[in-house]
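**Student:** Since chain Z is already given, all that's left is putting chains P and V on it; use the hints.
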Amino acid sequence: MPDSTSSPPAVTVENLTKVFKSGLGKQAFVAVRDLTLTVQTGEVYGLIGPNGSGKSTTMKAILGLLSPTMGKTTIFGKSSIEVESRSDVGFLPENPYFYKHLSGLETLLFYGRLCSMSGRDLQDKAREMLALTGLEDAADRRVGGFSKGMLQRLGLAQALLHEPRLIILDEPTAGVDPAGSRKIRDLIMGFKESGITVLVTSHLLEQIQEVCDRVGIMAHGRMVREGRLDDLIAVENETELILADASPELLAEIRAIAESKGAKWIRSGHSRTTLERLFLESTEEPKS
Amino acid sequence: MKYHSFSPARIWTLAAATVTQLVRMKIMAFLVVFCVIVVAAGFAFPVMNPEQQLKLLKDVSFGALQIFSVVIAIVSTALLLPRDLEDRTLYTILSKPVPRYEYLLGKLIGVLLLIGAGLVLMDIAFSAVLWLRQSLVLAQSIAALKQEGVATPEALAQLNEFVGKQGLTWNIHLGVLAIFLKASVIAALSLMISCFASSTLFTVVISLLVTIIGHGQGLIREYFFSEGMNQIMKKLGSALLAIITPDLGVFDVLDNVINGELVSAFSAGVMVGTAAMYVTGYLLVSHLLFVEKEL
Amino acid sequence: MKRQIQALTVFLLLGAIKLPIEEAATHHLRGAKLLTKPISVSLRESLGQASFAASLGGLRSLVASITYLRAYREWENINWAKVDSLFQITTRLQPTYFNYWDEASWHMAFNAASSYLYNQDINPMLRGKLYEEHVQRGIDILKEGLLFLPDEPRLWNSLAEIYARRVHDPKKAAECYLEVFRISHNDRYSRFAGYQFAQASDRESWVKGYELLKRAYDKEQRPPSVIDELKNLEDRLNTPPQQRIPDARPKMEINHGEVGPTQ
Chain Z
1 MPDSTSSPPA VTVENLTKVF KSGLGKQAFV AVRDLTLTVQ TGEVYGLIGP
51 NGSGKSTTMK AILGLLSPTM GKTTIFGKSS IEVESRSDVG FLPENPYFYK
101 HLSGLETLLF YGRLCSMSGR DLQDKAREML ALTGLEDAAD RRVGGFSKGM
151 LQRLGLAQAL LHEPRLIILD EPTAGVDPAG SRKIRDLIMG FKESGITVLV
201 TSHLLEQIQE VCDRVGIMAH GRMVREGRLD DLIAVENETE LILADASPEL
251 LAEIRAIAES KGAKWIRSGH SRTTLERLFL ESTEEPKS
Chain P
289 MKYHSFSPAR IWTLAAATVT QLVRMKIMAF LVVFCVIVVA AGFAFPVMNP
339 EQQLKLLKDV SFGALQIFSV VIAIVSTALL LPRDLEDRTL YTILSKPVPR
389 YEYLLGKLIG VLLLIGAGLV LMDIAFSAVL WLRQSLVLAQ SIAALKQEGV
439 ATPEALAQLN EFVGKQGLTW NIHLGVLAIF LKASVIAALS LMISCFASST
489 LFTVVISLLV TIIGHGQGLI REYFFSEGMN QIMKKLGSAL LAIITPDLGV
539 FDVLDNVING ELVSAFSAGV MVGTAAMYVT GYLLVSHLLF VEKEL
Chain V
584 MKRQIQALTV FLLLGAIKLP IEEAATHHLR GAKLLTKPIS VSLRESLGQA
634 SFAASLGGLR SLVASITYLR AYREWENINW AKVDSLFQIT TRLQPTYFNY
684 WDEASWHMAF NAASSYLYNQ DINPMLRGKL YEEHVQRGID ILKEGLLFLP
734 DEPRLWNSLA EIYARRVHDP KKAAECYLEV FRISHNDRYS RFAGYQFAQA
784 SDRESWVKGY ELLKRAYDKE QRPPSVIDEL KNLEDRLNTP PQQRIPDARP
834 KMEINHGEVG PTQ
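Keeping their order, the protein sequence lines are chains Z, P and V.
Count the first sequence with the working numbering and you get residues 1 to 288, in order.
Count the second sequence with the working numbering and you get residues 289 to 583, in order.
Count the third sequence with the working numbering and you get residues 584 to 846, in order.
So that you can see chain Z by itself, here it is in the shape it has in the complex (with noise of 0.2 Å):
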């Protein structure tokens, strides 16, 4: 993990609790309760949970488009309550969309200029987001013409546009495939490898699971676990053993020797693929 100790974390979230009241005699729906946790600058942090978690919620009110009914939030040392907060971030929402009739060069140009960008710089950024997210021949289509993968890309660029030093991606891989977000995948890789701090959430734990430092689990607006991926993954008492080229010869020898020192065999045979890189190997074009 990164010295921590010289800047303040990238995203801090103390004591964090939200209710939503919904109207008149209704009951009122706690959606984040007493939630504490700390992003420190340069890891990738995964916020795990299933549907209705409060992963969202926990979201908005780090961006500050919710405010909190107790509890506070920052973002670099700066309340989330402060709009000045939001100038080193770039998020993506789930599902994003955008302005219709924009291009999807106007598209990052208009949101650029919201982060006080102009000029040649802007236009050179823009065109470079867009090659970065494969997006340049869409540059002048029409964002109402694109697909569900290419408003995700599109969601990213401008995410990234003003150079944030930190990334909050909700969901990025709902609803894209898999070649997709094994794209997103290597992009959030390659984030780490500058610097940049990436606060993800995701339903989808094996997607997660390469790529996060830590990983924080909700559930019912609760942190159920929190921890380094490794830590929490770990079955303590087992270890895995994956051989090439082995006979079976070799096998039972092994197995002999490993009973031999209290150790329990508990299964060997043919690793397996995963069903995503099997996916990804017959779709792949063959490279020539």
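Take these hints with a grain of salt, some might be off.
[To be verified] Derived list of chain V stretches under chain P, where covered just means 3 residues or more per stretch with a C-beta under 8 Å from a C-beta of chain P: (1) 592 to 603; (2) 609 to 620; (3) 640 to 648.
[Unchecked claim] Think about it this way: if two alpha-carbon atoms lie no more than 27 Å apart in a straight line, the pair counts; the simulated BS3-like pairs of lysine-lysine are: (4) Z:Lys-192 / Z:Lys-100; (5) V:Lys-755 / V:Lys-726; (6) V:Lys-616 / P:Lys-453; (7) P:Lys-581 / Z:Lys-72; (8) V:Lys-620 / V:Lys-726; (9) V:Lys-620 / P:Lys-523; (10) P:Lys-453 / V:Lys-620; (11) Z:Lys-125 / Z:Lys-100.
[What the hints assert, rightly or not] Stretches of chain P that chain Z covers, calculated by requiring three or more beta carbons in the stretch to come under 8 Å of a beta carbon on chain Z: (12) 291 to 300; (13) 306 to 319; (14) 375 to 385.
The set of hints was computed from the structure by calculation and includes no laboratory data.
Built from N, CA and C at the ideal position, the CB exists for glycine as well.
**Tutor:** Chains P and V alone, transformed into the frame defined by chain Z:
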């Protein structure tokens, strides 16, 4: 990137996007309809006397201008905010360093720019037709006078004066300004309503209702201020209505401007000031409603 | 919730503060003749819901134009009662537009009155009465219009014409022409007043008529009708010969198609 808590450039960006959005929604198609109405009104009813023909042209054109501006003010404003919210475009905008009041201001300015531009275009089209019609009417009338053998300089001067008063004057454009001011107040009002309304339809209906009552607010207010009132409930009711609605009648000078009454700089100032008061007030209330709105 | 209460407070406060400002603005704009007094209850009843709402919504001029067009159609149908009532609405909607008053009275005093007078289907006794009633209606309309527009020369002129041509009351006609002259300073109307006074049957009017026409004569306005009328009046008033105007008519060129000299 240094952050400033108030940035005209950001507001302009939001306003420009609003204008683009509305223009690409083909709202300006109304302009074409307007031109057809004006030309039709300009050349229909040739049987009437020349002055009456010009008056009718102005009545119909300005009626269309008013309807255009009020409808656009209500509908486009009512569409904007709920739509951004429904589409979650608002999330991406407000997660940028954009204060919420700048967002509101940008939207309102966008709508006003659109209405203003529309009114200017329609004013130009209308002025052209009126000028054409006026020249034609004048020529016809002079010819008629000559044929009857009564084309004295006196009669000609009188005719010129009549047609001149009913024809194209700078004053007419001040009438268009009054229409714009009224539309600004209605747009600000709709924006305020859309800050707490739950749907576009609700905003449109309530704005329309307040607009209609607003035109009669003068009557209600005078009823409240009139002496010798003893029905306390009626008085309270009229007071409440007068308080919650704007007096849109203040901007209805057009009828008399069509009739040739002159708008002095002071009168124009009174109207601008009144409109500014409403718009500022409604924006302030909108801000209070929107600043902590849960998105 | 706190913000909503703040918003409501500001809204109501603004509402209360704005009342006197609205009152002052309305007062000023009415003074500048840019706003007209609100529509009266009786008119509201005769307008119908939709037209009333539209006329409130700043479309009064347009609604007036529409009722005017309807009156026009009723004129073509020769339905005088309907013409009158539609013009009544039209003039109430836009009382400051002189043309509505003018046309309304013209329809009554000239078109309707004559139409009744020459209608063979009606009892001759009744025809005369209807003629008089409609001429009177025309006069009433103009007088009402003059309450709104006391300085509108064209309304005074129309009133003068009704008195002169329909009622044959030259003295009243002359007074009206003098009003036109007072407002427009057009000498022509002073002469018209003179001619009308000359038509009256009393000496006092003749003196007034002579003074007016002599003034025109002295200003070198000497069309044949002025000279004829002056000579006529001098005879009737027994003016001493030395005070009379010279016998010989001054030479003047009359262009075809023009009436009277230019001023």
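**Student:** Next step is simple, just say for each hint if it's right about the structure.
**Tutor:** Status of each hint after checking the structure:
1. Residues of the stretch 592 to 603 of chain V with a Cβ under 8 Å from some Cβ of chain P number 8, which satisfies the need for three, so the listed coverage holds.
2. Evaluation of the coverage hint for the stretch 609 to 620 of chain V: fulfilled, as 8 residues show C-beta separations to chain P shorter than 8 Å, against a requirement of three.
3. With 8 residues having a Cβ less than 8 Å from any Cβ of chain P, the stretch 640 to 648 of chain V passes the three-residue criterion, so the hint holds.
4. Only pairs whose Cα atoms come within 27 Å are accepted, and Lys-192 (chain Z) paired with Lys-100 (chain Z) is rejected, the gap being roughly 32 Å.
5. In summary, the hint linking Lys-755 (chain V) to Lys-726 (chain V) is supported, as the alpha carbons are separated by about 13 Å, within the 27 Å threshold.
6. Between Lys-616 (chain V) and Lys-453 (chain P) the alpha-carbon distance is near 16 Å, which keeps this suggested pair within the 27 Å criterion.
7. Restraint check for Lys-581 (chain P) and Lys-72 (chain Z): the C-alpha separation of about 17 Å stays at or below 27 Å, so the hint holds.
8. Of the supplied pair hints, the one linking Lys-620 (chain V) and Lys-726 (chain V) holds, its CA atoms being roughly 19 Å apart against a limit of 27 Å.
9. For the hint linking Lys-620 (chain V) to Lys-523 (chain P), the alpha-carbon distance of about 21 Å falls within 27 Å, and the restraint holds.
10. Using a Cα cut-off of 27 Å, the hinted pair Lys-453 (chain P) and Lys-620 (chain V) holds, with the two alpha carbons roughly 23 Å apart.
11. Only pairs whose Cα atoms come within 27 Å are accepted, and Lys-125 (chain Z) paired with Lys-100 (chain Z) is accepted, the gap being roughly 21 Å.
12. Remark: the stretch 291 to 300 of chain P is confirmed as covered by chain Z, as 6 of its residues place a Cβ nearer than 8 Å to a Cβ of that chain, reaching the required three.
13. Proximity of the stretch 306 to 319 of chain P to chain Z, defined as three or more residues with a beta carbon under 8 Å from a beta carbon of that chain, is established by the 4 residues found.
14. Requiring three or more residues with a Cβ within less than 8 Å of a Cβ of chain Z, the coverage given for the stretch 375 to 385 of chain P holds, as 10 such residues are present.
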